[in-house]
Amino acid sequence: MEKTFSEKVKDTIVSSMGLKLVITLAWWITLLMLLGTLFVGRMLLDYQYRAMEKRGRDIGTVLGKASIDRLISKDVISLNMLVQDVVKSQDIIAVVFMNVDGTPITSAHASFNAQNESVKGVRDAENTEDVAKLFAAIRRDLAPVEVSVDVMLDGAKLADVRMAFSRSEAQLNTAKVAALLLATNLVIVLSISGLVYVMARRMITMPTGAAEAVASAIAAGDLTQSVKVSTIDEIGNLGRGLNRMAIGLKGMIGNIRGSSEQLVMVSGEVTDVAVRVSTASRVQNESVEEASSSVNEMHFSLKEIGGSMDDLSETAEQTSSAVIETAASIDEVARLMTDLSSSIEETSSAITQMSASIRQNAESVGVLTVLANETASTTTEISAAVREVESSAKQSVALAEAVTADASDLGMRSIEKTIEGMRRIEEESKRTSDVINRLGERAENIGGILTVIEDVTDQTSLLALNAAILAAQAGEHGKGFAVVAAEIRELANRTASSTSEIGNLIVSVQEESREAVEVMQKGVQLAAEGTRLARETGDVLRKILERADQSREMSRSISRATAEQVTGIHQVSEAVDGINNMAQQIERATSEQRTGSDQIMRASERMREITHFVKSATSEQVKASRNITNVMETMGSKVNMVKRASGEVRTGSDLIVKAIDRIKMTARENAELAATLNNAVEVLTLQTGALKKELGRFTM
Amino acid sequence: MPGDSGKVMLRDTNNKKTAVAEEIAQIVTFHVGQEEFGLDIGVITEAIRPLQVTPLPRMPQFVEGVINLRGIIIPVVDLRKRFGLTAIQNNPRKMRMIIIRGALLGTGGPQRLLALVVDSVREVLHIPLRQIEPAPAAATGDQAGFIGGVAKAMDRLIIIIDITKILSGEERTALAEAGNVHS
Numbered sequence: 001m002e003k004t005f006s007e008k009v010k011d012t013i014v015s016s017m018g019l020k021l022v023i024t025l026a027w028w029i030t031l032l033m034l035l036g037t038l039f040v041g042r043m044l045l046d047y048q049y050r051a052m053e054k055r056g057r058d059i060g061t062v063l064g065k066a067s068i069d070r071l072i073s074k075d076v077i078s079l080n081m082l083v084q085d086v087v088k089s090q091d092i093i094a095v096v097f098m099n100v101d102g103t104p105i106t107s108a109h110a111s112f113n114a115q116n117e118s119v120k121g122v123r124d125a126e127n128t129e130d131v132a133k134l135f136a137a138i139r140r141d142l143a144p145v146e147v148s149v150d151v152m153l154d155g156a157k158l159a160d161v162r163m164a165f166s167r168s169e170a171q172l173n174t175a176k177v178a179a180l181l182l183a184t185n186l187v188i189v190l191s192i193s194g195l196v197y198v199m200a201r202r203m204i205t206m207p208t209g210a211a212e213a214v215a216s217a218i219a220a221g222d223l224t225q226s227v228k229v230s231t232i233d234e235i236g237n238l239g240r241g242l243n244r245m246a247i248g249l250k251g252m253i254g255n256i257r258g259s260s261e262q263l264v265m266v267s268g269e270v271t272d273v274a275v276r277v278s279t280a281s282r283v284q285n286e287s288v289e290e291a292s293s294s295v296n297e298m299h300f301s302l303k304e305i306g307g308s309m310d311d312l313s314e315t316a317e318q319t320s321s322a323v324i325e326t327a328a329s330i331d332e333v334a335r336l337m338t339d340l341s342s343s344i345e346e347t348s349s350a351i352t353q354m355s356a357s358i359r360q361n362a363e364s365v366g367v368l369t370v371l372a373n374e375t376a377s378t379t380t381e382i383s384a385a386v387r388e389v390e391s392s393a394k395q396s397v398a399l400a401e402a403v404t405a406d407a408s409d410l411g412m413r414s415i416e417k418t419i420e421g422m423r424r425i426e427e428e429s430k431r432t433s434d435v436i437n438r439l440g441e442r443a444e445n446i447g448g449i450l451t452v453i454e455d456v457t458d459q460t461s462l463l464a465l466n467a468a469i470l471a472a473q474a475g476e477h478g479k480g481f482a483v484v485a486a487e488i489r490e491l492a493n494r495t496a497s498s499t500s501e502i503g504n505l506i507v508s509v510q511e512e513s514r515e516a517v518e519v520m521q522k523g524v525q526l527a528a529e530g531t532r533l534a535r536e537t538g539d540v541l542r543k544i545l546e547r548a549d550q551s552r553e554m555s556r557s558i559s560r561a562t563a564e565q566v567t568g569i570h571q572v573s574e575a576v577d578g579i580n581n582m583a584q585q586i587e588r589a590t591s592e593q594r595t596g597s598d599q600i601m602r603a604s605e606r607m608r609e610i611t612h613f614v615k616s617a618t619s620e621q622v623k624a625s626r627n628i629t630n631v632m633e634t635m636g637s638k639v640n641m642v643k644r645a646s647g648e649v650r651t652g653s654d655l656i657v658k659a660i661d662r663i664k665m666t667a668r669e670n671a672e673l674a675a676t677l678n679n680a681v682e683v684l685t686l687q688t689g690a691l692k693k694e695l696g697r698f699t700m
Numbered sequence: 701m702p703g704d705s706g707k708v709m710l711r712d713t714n715n716k717k718t719a720v721a722e723e724i725a726q727i728v729t730f731h732v733g734q735e736e737f738g739l740d741i742g743v744i745t746e747a748i749r750p751l752q753v754t755p756l757p758r759m760p761q762f763v764e765g766v767i768n769l770r771g772i773i774i775p776v777v778d779l780r781k782r783f784g785l786t787a788i789q790n791n792p793r794k795m796r797m798i799i800i801r802g803a804l805l806g807t808g809g810p811q812r813l814l815a816l817v818v819d820s821v822r823e824v825l826h827i828p829l830r831q832i833e834p835a836p837a838a839a840t841g842d843q844a845g846f847i848g849g850v851a852k853a854m855d856r857l858i859i860i861i862d863i864t865k866i867l868s869g870e871e872r873t874a875l876a877e878a879g880n881v882h883s
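Heads up: the protein sequence lines correspond to chains A and B, in order. According to the numbering used here, the first sequence is numbered sequentially starting from 1. According to the numbering used here, the second sequence is numbered sequentially starting from 701.
In isolation and in its complexed conformation, chain A is listed as follows:
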């Protein structure tokens, strides 16, 4: 409903301190001033009457002294003349000489002031010349001031002089003075009101208005505002108190925001690393496929080894290039471990900063308590801002819970699968090592055969020599035989040099087989080491999950504490109590958080150590794989030369094919694991983004 004019005016006055002050002040000053004026007027009038009486007495005395003779001589005419002179004064109404018995001596025309309008009026009304009657009429109508002076002669009263003074002039003067006083009062009141209004505006209304604006801005989330303070009185202290509060809030939220931004950064980097691991495992998968197909071809070629060794040499070349690609993949993994190591370093330093922020929080809590006491009068606005914080804390709890569920679920499963994969790699390496050992044995067998061939060659050579000798002795008849013997010798020599070459090849193949076996064994050791490291990582992950649970509990306490704060603020004393309760709880929660972050820091130190270990294990593996590559290349070229010698390694290649198949399977599973890890990281990124959005509502 529309308010009436008077209600609107009342609202305007009630809502302005300045107006209230001014109106109250003006009302009271005016009241006092009026009373004062009244009082002063009254006093002035009495004073004037007194003066009149005195004047009358003086005049009467003088008249008396002057009229003694005339009275004695009963000279009425000169007495009239005397009286007439005196009566001419404006304010004198009548002067009458009276006998002792009360009868008038002077006559009416002389005794009364003919200029005075009111006297004239009375005279006309009475229409008589009787002085006594006239006097009585005047007394009745005009109420004059009467003065009577006795004329004394030698101690005996001759007559008395009666005078009547008009009150009207005195009253007029008094009225003038009173009006002047009132006017002056009005000016004073107006100027004081104006002054008070301006001062109230400047010293109270505007500062408090500015403080109110800043408090509203803080409630809306704008922490950049501050109150301009220029005085050190109560209003100035209020403004300072508000500023301190805003700074405290700014510091807290700034720290939390900084931490959340770093969290976003770290999760972004972990995302990158997970993507790259995924890609590397995919590349590894493809490489294994190529190696498998190459090994299959070699298997089938070896089946025909009795007929042609050409297929065998081709296959050896392909295998060599496949192994080179595998070595390149291992190189990438090594690089990724380096990146992971540096990411862990950054996470560790972010945790250190978070520790420092927690300590700062504790200090801020003390300041907050003091501010609560100071700002008891402006808590209504703050209440709204606190309600919003409460809802934010509730959302944080939900976010932490979601992150915990995902991490525990996916993280632990991934580690278990990694351990399984390591174990399978170990098995495969052992099997491959056995196969290579058997290859070495075959080579030894070949060596034995070569010994026999060498022997035969020697004897052949000797026989050829003896044949030549006999042919020479036979002379002409032996010439043809001599040629034959020479050729046999030649053949035997060639065979001997070939077998010696084969012998060297066998030795080098045996050496390289031994080296390959050693490399395999190293690989087995590294796989075992990797398994142990994965288990330890699993333990660390579990610990981190525990800490996440504790953090969630702390968020809940903060949420509860905030709820208490909201209800408390409605009443001044309850508000201060509520804030004090909150401060204590936060202090407790902060010290708990500090212990938790210390443990996280230690856990991340451990992670750093483990990562260094894995890094060096990976670089070992890089060297081992490079060795294998060299061995494979040498082997390929040697196989080309062994083409002429025959061997029997069919059964060995069967087993190699089967071993490669199993390795293929394991590589595929590892690729799947990498993809799963990728998904988990994506979810983590989403959650940190949501947290950042929440914090973005505050402007600082």
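By construction, these hints were calculated from the structure, which means they are not laboratory data. Just so it is clear, CB atoms sit at the ideal spot from N, CA and C, and this is done for glycine as well. There may be inaccurate statements among the hints.
One side of the interface only, derived from the structure: several residues of chain A facing chain B at Cβ under 8 angstroms [said to hold, decoys possible]:
(1) 457
(2) 458
(3) 460
(4) 462
(5) 465
(6) 468
(7) 472
(8) 484
(9) 486
Using the hints, position chain B against chain A.
Just chain B now, with coordinates in the frame of chain A:
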């Protein structure tokens, strides 16, 4: 003599060597130490892998012992020792014994055989007699006497041995007597 027809033998018993640069000689080359030596194929009976040497106490000192080759007893001379080289073996598998005839004196009947232990046997070379030069004059002394000539084949220098000079006269006599007693 067998192997004679169409060739002029280097060896000429009891006479100076008369080398006629006409035909091609067949030289069997072998190694002792760093040097390569050669023997005319005519003087060689056969070449064998080393057999077990049986030392006999009654043999002269330069004889290592005897071997039994298909029933025939043959004294053994180690050429490494003869030429004053250390007894280090090069390659036991390559060592050979070359059975030669004509190094010893015969006591009527077939000539006695001698077995020479060498480091390895190389090949049979066909060298024109033109390329065989007499021993250098600087070579003197006991050991140098056995050099029958020097042949150049490809880049190799082959020292041709005169088997009649391998053993000195006293050694031959001693061996013959011992052999006599033994047989």
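Structure-based check of all given hints:
| no. | hint | in the structure |
| --- | --- | --- |
| 1 | 457 | violated, 10 angstroms |
| 2 | 458 | holds, 7 angstroms |
| 3 | 460 | violated, 12 angstroms |
| 4 | 462 | holds, 6 angstroms |
| 5 | 465 | holds, 5 angstroms |
| 6 | 468 | holds, 5 angstroms |
| 7 | 472 | holds, 4 angstroms |
| 8 | 484 | violated, 13 angstroms |
| 9 | 486 | holds, 7 angstroms |
The structure does not agree with the numbered hints 1, 3, 8 stated previously, though it agrees with the rest.
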